[in-house]
Amino acid sequence: MGNLMNRQEFLELADRYLRDELSESEIIAFNTLIAADQELNEAFLAQQNFINTFKQHQQREDFKFALTDVMENTSTEPIVYRMWKKLKINAIAAAAVAIISSLATLYLTGYFSTLRKTTSDYSALKREVNNVKRNVNAHQDAIQNISKENTPQAALHFGATGFMLTKDGYVVTNYHVVSGADSIHLQNAAGHTYKASIVHLDQEKDIAILHISDTSFKSVTNIPYTFKRQNIDLGEDIYTIGYPRDEAVYGEGYLSSATGYTGDTTAYQISIPVNPGNSGGPVIDKHGNIIGIISGKQKSLDGAAFAIKTKALIETLNRIPKESLKGNIVLSSKNSLNKLPRTEQIKKLQDFIYMVKVY
Amino acid sequence: MSKIKKIIANTRSDQELLEGIRLGDNAAIAYVYKSCYPSVSHMIINSRGNEDEAKDIFQEAILVLYDKVTHQQFELSSKLSTFLYAVCRRLWLKQLGKKGGAIHLDDHENLDIPDLEEDLVNHAEQELKFEHMHVALAGLGEPCATILKDFYIANKSMQDICDKLGYTNTDNAKNQKYKCLQRLKRLFFEQHQKNG
Numbered sequence: 014m015g016n017l018m019n020r021q022e023f024l025e026l027a028d029r030y031l032r033d034e035l036s037e038s039e040i041i042a043f044n045t046l047i048a049a050d051q052e053l054n055e056a057f058l059a060q061q062n063f064i065n066t067f068k069q070h071q072q073r074e075d076f077k078f079a080l081t082d083v084m085e086n087t088s089t090e091p092i093v094y095r096m097w098k099k100l101k102i103n104a105i106a107a108a109a110v111a112i113i114s115s116l117a118t119l120y121l122t123g124y125f126s127t128l129r130k131t132t133s134d135y136s137a138l139k140r141e142v143n144n145v146k147r148n149v150n151a152h153q154d155a156i157q158n159i160s161k162e163n164t165p166q167a168a169l170h171f172g173a174t175g176f177m178l179t180k181d182g183y184v185v186t187n188y189h190v191v192s193g194a195d196s197i198h199l200q201n202a203a204g205h206t207y208k209a210s211i212v213h214l215d216q217e218k219d220i221a222i223l224h225i226s227d228t229s230f231k232s233v234t235n236i237p238y239t240f241k242r243q244n245i246d247l248g249e250d251i252y253t254i255g256y257p258r259d260e261a262v263y264g265e266g267y268l269s270s271a272t273g274y275t276g277d278t279t280a281y282q283i284s285i286p287v288n289p290g291n292s293g294g295p296v297i298d299k300h301g302n303i304i305g306i307i308s309g310k311q312k313s314l315d316g317a318a319f320a321i322k323t324k325a326l327i328e329t330l331n332r333i334p335k336e337s338l339k340g341n342i343v344l345s346s347k348n349s350l351n352k353l354p355r356t357e358q359i360k361k362l363q364d365f366i367y368m369v370k371v372y
Numbered sequence: 033m034s035k036i037k038k039i040i041a042n043t044r045s046d047q048e049l050l051e052g053i054r055l056g057d058n059a060a061i062a063y064v065y066k067s068c069y070p071s072v073s074h075m076i077i078n079s080r081g082n083e084d085e086a087k088d089i090f091q092e093a094i095l096v097l098y099d100k101v102t103h104q105q106f107e108l109s110s111k112l113s114t115f116l117y118a119v120c121r122r123l124w125l126k127q128l129g130k131k132g133g134a135i136h137l138d139d140h141e142n143l144d145i146p147d148l149e150e151d152l153v154n155h156a157e158q159e160l161k162f163e164h165m166h167v168a169l170a171g172l173g174e175p176c177a178t179i180l181k182d183f184y185i186a187n188k189s190m191q192d193i194c195d196k197l198g199y200t201n202t203d204n205a206k207n208q209k210y211k212c213l214q215r216l217k218r219l220f221f222e223q224h225q226k227n228g
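For the protein sequence lines, the chains are A and B, in the order given.
Residue numbers for the first sequence follow this note's numbering, beginning at 14 and rising by one.
Residue numbers for the second sequence follow this note's numbering, beginning at 33 and rising by one.
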């Protein structure tokens, strides 16, 4: 049978054999055929070999193509560099989110407002230094000014204390509190605010006399305290009420020296804890007499504060030209605090002590 | 994460890579290129070569590897990276020798690869054989090339080829296929004889 087959038919059969298209019986027949005929066997092997070379050539071409492609399109740059190139956008986005969220956190936790406050405290301090300078002049040397200072950016420059001299609206405070003021407002314990104008300034004694010019102000009942111009004794029990903060603060102590800073005879040295804002506050003895006005304290000396003597105040009042007054200043001569317990005295006093707000 | 995974390929064993090379897997080729090319490029550029020459040398070395794993044994006696470096070095020295001038390359690594010479000879033989096939196929012309590729490589049925090329019946197509194959064989062996 095999001998009758021409070459083309045999190779066709061989192709089918190689492509695995023959049935089982055909495979057996084919194997028998080439085993019996040397010539056909060689023809089969040559065909198989050639077809393999043909196929491998194609595969090798494909491989070369893939290799060229890979080498053209694959970077051998270091991995970090490649990562950066691919993830640049992600990295930038992540950084932006991180910055925004940290800023937002700082903002929400109030960091920036604290920062602002801190900065303004700093400039307030500078301002305080300036005030100290003025006070130094007033006292012929450096006495630390204790006016309470608030934010200079806000309209309110700083605050201090003042108290009524007469029931018709005369108020006394420190010169250093109101010097350079655009406008002055007084706020009483009940929270009412009145506009005040400067009547007289005594830079040397650090005294300022104000008058409440506000129409809403009504003459108060009689002033409960009197003014004691005589020197009082060392160690005498004294107290003050002032506005080192937005609430009235009570402080007590004793008279520690009959003279003020560097022997200033117009002032006392007192031992009352005072703070910026206490400036201009009254110093009151246990009977309810005003014996002085708090003006400052000495930085280098613990617990040493100074108060301008009532005597100096009255001297200043007497020197005010008549024409600058709206009616005489008549100090109260009736003391309604005497014999009252301290707490009652304070209750009565509070209405006559003002927070001085300087703009 | 997918981006990162694309960048950081898993470490692969040499055996996996050889299998990938044998099958023409792009990922394996890319991995070998990334991990082995930098040292080769460094070596060639440092000895009077340029980037293009380095790439050509590396490409040929990969083909040496390909011919080895497809026609000889499927195992290496050294690390894949060492093998490729040694092949590249050998190929580059050969090329420098052709260019003339003093040849000197510092040996930084132990390049004692036993089968290297044999691999290069095998590669040269394969290169020549497939070059013959390449020339034969180029001279074959259409429709023969298409018929043979469709039948022997794409494994298409005679019926499909018959339909595709518009033969009236499969016997005609079979006749054509036979004639084409005979012609290709003739062209191939002509090349073979011409080039010894």
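No wet-lab data here; the hints were simulated from the structure.
Owing to the predicted nature of the structure, the values given are computational and were not obtained by experimental measurement.
C-beta: ideal position from N, C-alpha, C; glycine also.
Where hints are given, some of them may not hold.
Partial list, computed: chain B residues near chain A (C-beta under 10 Å) [said to hold, decoys possible]: (1) D57; (2) T200; (3) N204.
Here are a few chain B residues that sit away from chain A, every Cβ distance over 12 Å (derived from the structure) [what the hints assert, rightly or not]: (4) L55; (5) N58; (6) N82; (7) K126; (8) K130; (9) L148; (10) E149; (11) E159; (12) E163; (13) N201; (14) K206; (15) N207.
Now for the hints, and whether the structure bears them out:
1. D57: Since chain A brings a Cβ to about 8 Å from B/D57, closer than 10 Å, the hint holds.
2. T200: 18 Å, violated
3. N204: 13 Å, violated
4. L55: 9 Å, violated
5. N58: Given that some Cβ of chain A is not farther than 12 Å from that of B/N58, nearest at about 5 Å, it is violated.
6. N82: Nearest chain A Cβ is 15 Å from B/N82, so the label holds.
7. K126: Consistent with the label, B/K126 stays out of reach of chain A, its closest Cβ about 20 Å off (over 12 Å).
8. K130: About 22 Å separates B/K130 from the closest Cβ of chain A, which puts it past 12 Å; holds.
9. L148: 20 Å, holds
10. E149: Since the minimum Cβ distance to chain A is about 22 Å, B/E149 lies beyond 12 Å and the statement holds.
11. E159: 9 Å, violated
12. E163: Violated, because the least Cβ-Cβ distance between B/E163 and chain A comes to about 9 Å, which does not exceed 12 Å.
13. N201: B/N201 is indeed farther than 12 Å from all Cβ atoms of chain A, at 15 Å.
14. K206: 6 Å, violated
15. N207: 8 Å, violated
Violation of the numbered hints given earlier is confined to hints 2, 3, 4, 5, 11, 12, 14 and 15; the remaining hints are satisfied by the structure.
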